[in-house]
Amino acid sequence: MTMPHHALEITLTRPLSTAELRHAAQAWPLAANHNATRLMALVGAKTPERAAHRLRRRLAAWLPIDVITTHYPDAHGQLLLNLAFPPAVRTALARDARHAGLTLERFVHEALHRALNAHADQEAERLDRAVRHLLAHTTPAHLMSAVGHALTRPLEGPTP
Numbered sequence: 107m108t109m110p111h112h113a114l115e116i117t118l119t120r121p122l123s124t125a126e127l128r129h130a131a132q133a134w135p136l137a138a139n140h141n142a143t144r145l146m147a148l149v150g151a152k153t154p155e156r157a158a159h160r161l162r163r164r165l166a167a168w169l170p171i172d173v174i175t176t177h178y179p180d181a182h183g184q185l186l187l188n189l190a191f192p193p194a195v196r197t198a199l200a201r202d203a204r205h206a207g208l209t210l211e212r213f214v215h216e217a218l219h220r221a222l223n224a225h226a227d228q229e230a231e232r233l234d235r236a237v238r239h240l241l242a243h244t245t246p247a248h249l250m251s252a253v254g255h256a257l258t259r260p261l262e263g264p265t266p
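107 is the number of the first residue of the sequence shown in the numbering used here; add one for each residue after it.
Since the hints were derived computationally from the structure, they do not count as laboratory data.
Because the structure is a prediction, the values reported are computed rather than measured.
All C-beta atoms, glycine included, are put in the ideal place defined by N, C-alpha and C.
Hints may contain errors.
Computed spacing ranges between beta-carbons, pair by pair [said to hold, decoys possible]:
| # | residue 1 | residue 2 | range |
| --- | --- | --- | --- |
| 1 | Lys152 | Phe191 | 52 to 58 Å |
| 2 | Arg196 | Ala224 | 19 to 25 Å |
| 3 | Ala217 | Gly183 | 16 to 22 Å |
| 4 | His225 | Thr245 | 52 to 58 Å |
With the hints as constraints, model all of the structure from the sequences given.
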């Protein structure tokens, strides 16, 4: 039986120099984004969890790894998030998880979901305020026309 391979994305705490990237790529084949702040790796393991653990163990000494995630969602649309907390943070989180009657993993999972939901709510509110502001100065038809026009143009970088 062949071992499944998992596409993993490594988010770094800072951009890598060319020499650092070359050195790390000797330990594991890696593909970098344009500014070497995110890397991709293909890892053979029975599960995505084992793949992420294996990759972190192999590269932690060479790279300033922040987070490792699966690149593709699983059957439930979920991505694996592999975090390595500093000992003091891990101890504090474990204490808070115990007080909440949860495992550390479940505690972090629920905290992340709350934060993501709060962010989505804030973004929806921000967009609602922006649209209301635009509608105060134009008609809905003109606004829809402008949105349609903007969506059909290629995306450009931020304007100064």
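Hint by hint, here is what the structure shows:
1. Lys152 - Phe191: 52 to 58 Å: Violated - the Cβ-Cβ distance for Lys152 and Phe191, about 25 Å, lies outside 52 to 58 Å.
2. Arg196 - Ala224: 19 to 25 Å: Since Arg196 and Ala224 have Cβ atoms about 24 Å apart, the given range 19 to 25 Å holds.
3. Ala217 - Gly183: 16 to 22 Å: holds, 19 Å
4. His225 - Thr245: 52 to 58 Å: violated, 31 Å
The structure fails hints 1, 4 (numbered hints given earlier, in ascending order).
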